[in-house]
Every structure is written in structure tokens, then in C-alpha cells.
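Chains as they are written, first to last, in the numbering used here: chain X, 7 to 369; chain A, 7 to 369.
FYI, nobody ran anything at the bench for these hints, they're computed from the structure. Treat the hints with care, as some may be off.
To be verified - If you only want the chain A side, here are some residues facing chain X, beta carbon under 10 Å, derived:
1. 19
2. 55
3. 90
4. 94
5. 144
6. 211
7. 358
Note that the Cβ used here is the ideal one computed from N, Cα and C, for glycine as well.
Protein chains: 2
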Amino acid sequence: MEAQLIETMILLTINFQSLIATKASRIVRAAEGRPVMEFGSRRAQSYDAAVLGARAAYIAGCSGTACAIADREYDTPALGTMAHSWVQLFDNEYDAFKAYAEVYPASCTLLVDTYNVLKSGIPNAIKVFDEVLKPKGFRPKGVRIDSGDIAYLSKKARKMLDEAGYPDCGIVASNSLDEYLIRDLLRQGAQLSSFGVGENLITAKSDPVFGGVYKLVAVEENGTYAPRIKLSETVEKITTPCKKMVYRLYSTESGEPVADYIAMYDEEVPATGPITLFDPANFWKSKEFNDVELRPLLVKIFDKGECCYESPDIETIRKYCIEQVNNLWDEVKRFENPHLYYVDLSEALWTCKQVMLSEHNIK
Amino acid sequence: MEAQLIETMILLTINFQSLIATKASRIVRAAEGRPVMEFGSRRAQSYDAAVLGARAAYIAGCSGTACAIADREYDTPALGTMAHSWVQLFDNEYDAFKAYAEVYPASCTLLVDTYNVLKSGIPNAIKVFDEVLKPKGFRPKGVRIDSGDIAYLSKKARKMLDEAGYPDCGIVASNSLDEYLIRDLLRQGAQLSSFGVGENLITAKSDPVFGGVYKLVAVEENGTYAPRIKLSETVEKITTPCKKMVYRLYSTESGEPVADYIAMYDEEVPATGPITLFDPANFWKSKEFNDVELRPLLVKIFDKGECCYESPDIETIRKYCIEQVNNLWDEVKRFENPHLYYVDLSEALWTCKQVMLSEHNIK
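Work out the full structure: start from the sequences and follow the hints.
Laid out in C-alpha cells, this is it:
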């Protein structure tokens, strides 16, 4: 009953935050080391989505977020440049840039596309760098381009900034970016030092549903767990019965994770290979791993209604997340048609599933 | 400054709730009068998204939601059937159905696909209808099918229920439905009386970003409003300057809305046609309307920092929303490539935009 009460909240929490972390991780990888800022609050699917999404994006590798509340609540660094409304509020672009540079001389990134990037934005920015920052001994942080053809404009802007003596001035791109567009821009030689990514990250637009499920797999009766199964005409939707433990197999050579291994919760599991894994859906498939080490993944959070887990700080979580993804094979991280990471069953679990399927097979 | 502070919260609130209401309206229309229940909480993009999304779905025409918190907080009727875990908790399907029918005899909808819809689910449901509901004088409410081919299974199930004396027993379909799948199922003669729609509704999966923007269009100076514009290489992204009023033009013949008309806030506007509208992006296009009546759409919510608006109850909002959508031409409501509903400018506004564009045109 208790498990039932928390189902929806657990599912939506894990589904959404995993979704955004996954999308952010892809976008960060596409940027090839350039910082990615989360800029999506205004298009987030509600307030919680903006704040928790910003946190998930930071954990996955974004350098920070424009969502200041996420900074206050979850210590995700707040970052930002300037808004079009700042520029529009002044009688002209030059006055707007000048006022901004005077307030933020140490972190001066100017938004140069309110009127015309190459004919107005960049010339005015350079003028303000010369007239306001230089005399005070500051270097400009960057310019941001939020519309138009980013590849073309960034190359032209780079040249103008270099010639004016600001080769260290960054160029930030924003405007409906995602991993595919960032990859394409970089392939075309766009001169970009960082990215601001909004709606496509915070909603995971390319695939906005993370389909985690929460299924009854066993019923406790007098201290033992009676397995339960749910069938389906769609083979992937058939559940795997039994209370379980999950292990990750790491290659003893490279240290890379090679597969996850799901066993019965009370099953004896070897600390190292050889070990045989059984595919949960395609029952004729099994795979043997030799030079591997097994590490259990499940951590107890609650014990008899008491929380027995201390949540790590966000920097520790972020470091762990980035390390785990970095350790995965490149083939698994490919954006399109990635190689499938194995998440397979122990022989005992596989056998239990077979037996239950046969029992329920109504001819 | 005050306008700036609320920008993000206003945008995300209106963008998200309009997004879900729009998607729900499409799905409700596809169901052609059959009730649609919102079932998406577990896949919503956070807690707020689940609750406020359920409210938006109800406003747009859904009959209710499985999100009980939305009922408690916003009076959206909570509806639901049963979960697979209910069926799995018992030793067999028959016992599970029997226990449910005994607790909910007046609203008994049984989930029939945990093991096998036609060989186990429907026969067990009929047995329980006969043995539990009939003796108590109750009629079954329905059966729900959540997997497999809904068209095929619903036709077979309909026949079995009819032959058993339950032609009034509804059949509810769920499982990754949206407006397209519902339309296709009904075209293929699926025997369905209502729908439960989850992830595709609550995330607006087909298009999860609603791109509403919030732009500085004028700056108040001594009681007058100096217009401001933002340019872009993408013509649709150029803002329309000036403080404005919005009117809707209704046909005096049919009562249908035919266009929206945006004028200066202090402009004299006729109460009826003839009136000429100017396209905001394609400047050579204008259109004259004769037999129309103009009604202003903007309502003051805050006056000098005080809220001066009383929010209607949810039933009033829902009725208004459904009426407004029903009044639109079918051509505008087509799912793919709909006819564009005109949202055009007054001549004075159009002229102001032209002048500002020329002033900023840096050659």
C-alpha cells in the first residue's frame, strides 16, 4: 500500500529529471568542451520544471543556468548575459551597452543582435570595450548572438573582434539550439566559445517523454516475496518478476562499464567474471563476460520508514554523473542509433520469468 | 523594471498551460464526443506540470483527470479505473476483479489486459459482473484495455460483452494515445466509449514547446508611451512596437470569430465593419471585413499594484474555452496545415511599424 501511494511522485520525479539530464548530457557532449548554459526557464513545462530542470542540466554537465531560483535552492551556478529588453530600454544600442559595461565591467557580455549584428551590434560593442572597459583595465567577457545565421555571423564577428584587439572576447550563441545544431555549427567552423540552450533542453523537445515505469514485481507474505508478472502483447512491456539487486559489470582491463546485471535480491553473485547474462526479452540470447568486476548499484534510502541516506552535495553528484557518462563506450553515446548497453538478467531470474510466462500462457 | 521581474514566471505559466490546453483540445475533438480522461501525471515534466497540466486539460474539454491533487486544488474532477498493481496484488485476476466490484459496485471499470484481454480479462470481468454486480442491482461501468491492438481487441470485447448481456458496458482505451491514433482507431471501427490519454497529452509530445514571447514594445515617459522595436533576420521575429489593444471581429451573420485586430491602445476603433486589417509580417497584404462586430479582448487584472479582477470558477473558464474553440471555423481547427486565423494590425499600428523599420534599416 505504501509503495502504491508514492508511485506517481517517484515516477514523475525520476522520469523528468533523468530526461533533462540525458538531454543536457547530449548537448554538452556536442559542444566539445565549450560551456553550455541552461537558458530555458520561460519555456519550461511549469515552475518546478524550470527549477528542477536547471538542476538536472547542471548535474549532467551544463556550466550553469539563467534560472536564479535554482541557484538559491540547489546551488546551481546562476549565469546570464543581458536581455533584448535592456537594449530596447535605452534610446540607442550604444547607450545600452555603455550602461551595462559600467555596471558589470568584470563580466561584460553584450547581446549584439537587437538591431543588426554586424552593422550595429559588434561595432557598438567594440566602441564600449574601448571606451569603458579598457580605461578601467577590464577585458570583455563576450558578445551573444541570438538570431540570424550563427555560423556566418560568428565568423564575421570573430574577425571584427580580433582586428579590434579582442581575440580573447568570447562569442556566445543561443536561439533554438540542440545537440544536432551545435554539432553542425561547429562542423561548419562557427567561431563560438559557449552556448546558451533554452527550450530544446528544458523540455527535451526531441523526445519529451522519459518512459520509466514502476511495476509490482512481488508481494511480501510472511517475510518472503512471492513473484508477480504483468504480461503484454508487446514483448518489451512484459515485466520481469521478483525482488531484485542490480550490479554493474566493469571491465578489469579498462575500468569501463560493460553491462548491468539484474539478479534476485538474495542470490549469490560472484565478485568477478566469468558470468553469463540473459537477455530479458529475447530469450534465446545470452552473453558471457570474463574479465569483469561486479559492483552492486542499489543503495538503501529508507529503512523501516526512516531515511538512512545522506544526499551528497550537488558538486559530488555532478562529478559522479559526468564520470559515469564519460566512462561509457563512444558507441553507446552515439546520438542516432547508439549501440545498446546491456541490461540483462541472471540465470535464476531469467528462469523464474520463463516459468511464470509458461504458467500464464493461455492457449 | 516591474514588468521585467515577472517576465519568466508569466511566460512559463502561460506557455505551458496554453500548450496543454491546446493539445487536450485537439485530442478531445478527435474523440468526437467520447469522454477523454487525463492520465499523464507520472510522465509529466514535474509536479506542477502534472497538477496544472491536469487543470489545463480539463479546461480544454477533458472530462477529468487521474491526478487527485488537481481535484483537491483546482476542482478538476478526479476519475480513474484500476491499476495493474491491483490485479497483480491478488493471487488471480478473478479475485482482483471480485474485490474491486465489491468496493466500487456503482463505478466498476475493470482493467482487462494484465494477462490476456480476450482469454482471461473479458471472461473474468463478465463473471464478476454476473456474480457480484447483478445480484446487487448494479450495471458495470466499463472495461479498460491498455495494450495490444485496441481496434481488434475492442471489437472482440464488444461482441463478448453484448452477448453476455452488457451492451451498456463501456470500453475505455489507453496506451500512448493522441489525436492521430484516436482518429485512426475510430476510422477503423474500434468499439470505444472513452479514452485515457497520458504522456502524449501532459507533455504535448508532438510539439512540447509553446513559443509565447514577452517583449518590450514601449517605454513610458511622462505618461506617454515611446514605441520600441526589436529587429531580426527572421521576419516573424520582428516585434510590433507600441502599447496596444486587441479586438476580436465576429461575423454579424454567423457569430463566428473571423479575425483578431491589434490597434494602438488609445486608437479610435469602430464598433462594426467595414474595417481594414494589415498583415504584420507580409506588408503588402491587407484584408477588408464588412459585416463584423468588434469586441475588445484585454481585461485589466492589476491596477496600480492591486488585483482588480475576480477569477471565474473553473466550470465558467471551461465553458468559455470550449465555446470559443467550437466557434472557430473547421478549416482553422484542422490538425495538419490548418488555415491561418488572421491576427492583423490597424493601419496606424502598421504605419508606426513601417516607420520604425525604416529608421533602423542600416544599409
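Tested hints:
no.: 1; hint: 19; result: holds, 8 Å
no.: 2; hint: 55; result: holds, 4 Å
no.: 3; hint: 90; result: holds, 5 Å
no.: 4; hint: 94; result: holds, 4 Å
no.: 5; hint: 144; result: violated, 25 Å
no.: 6; hint: 211; result: holds, 6 Å
no.: 7; hint: 358; result: violated, 15 Å
The structure shown violates the earlier hints numbered 5, 7.
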